[in-house]
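**Q** Chain by chain, the residues:
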Amino acid sequence: GQSLEQPSEVTAVEGAIVQINCTYQTSGFYGLSWYQQHDGGAPTFLSYNALDGLEETGRFSSFLSRSDSYGYLLLQELQMKDSASYFCAVLSSYKLIFGSGTRLLVRP
Amino acid sequence: GAVVSQHPSWVICKSGTSVKIECRSLDFQATTMFWYRQFPKQSLMLMATSNEGSKATYEQGVEKDKFLINHASLTLSTLTVTSAHPEDSSFYICSARVPVTSGSTDTQYFGPGTRLTVL
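Chains as they are written, first to last, in my numbering: chain A, 2 to 109; chain B, 339 to 457.
So here's chain A without its partners, still in its complex pose (with noise of 0.2 Å):
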């Protein structure tokens, strides 16, 4: 089988970090992307590592340990409008295969 593993809910106040944890266990991985979605729309696409490492873009940085099936999501400096659902995906095949989801919540 397959699944992905994430926690349902963050809170974080503002201008702090917050990392999202997920685990996966799928049958084939090529590798790990991370979306943004807010309320009512569509999910917005973040990030990717096909390799084991960390990747920076901007404010958000996502790592991925191949070995332990283990990536995570970095938020830093968070604002309000961060508050969002977000979503790691393995790219099985040519397939996206998502995640539960964690609802961040940032408060001020």
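Just so you know, the hints here were simulated from the structure itself, not pulled from any lab data. Since the model is a prediction, treat every value here as computed from it, not as a measurement. Please note that the accuracy of each hint is not assured.
Quick list of in silico lysine-lysine cross-link-like pairs, BS3-like style, CA-CA up to 30 Å [as the list claims (entries may be wrong)]:
(1) 379/B - 352/B
(2) 82/A - 379/B
(3) 96/A - 358/B
(4) 379/B - 96/A
(5) 404/B - 358/B
(6) 82/A - 352/B
(7) 96/A - 404/B
Here chain B is said to cover these stretches of chain A; the calculated rule only asks that three of the stretch's residues, wherever they fall, bring their Cβ under 8 Å from a Cβ of chain B [as the list claims (entries may be wrong)]:
(8) 43 to 50
(9) 86 to 100
Note that CB positions come from ideal geometry on N, CA and C, so glycine has one too.
Starting from the known structure of chain A, arrange chain B on it as the hints suggest.
**A** Just chain B, lined up with the frame of chain A:
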């Protein structure tokens, strides 16, 4: 980034009718598009993979005769929900796979989604 559009953005229909949703890649050609369904507060569930010029590949548990997919051109895929019922009410999202070139990543760009309500 690449732009994907969907039409309509929302639709309300009566039970038993059919609804067609269009997904277009606006600034690139997509040989592969995907259709997802998302219920409130849940994850995106892949329904089917749409390949230009060939039959769609459906995920397990998705009725191919109920959810008709056509990918007649490199920029357009359509999903038709036939004989819709209230349980088909959901957020339908398409994505288009950006062709992979040297140095690029395998990425999908999502359309804005279509909210279907079946009365």
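**Q** Which constraints among the numbered hints does this structure fail? Numbers only, ascending.
**A** Those not satisfied come down to hint 6.
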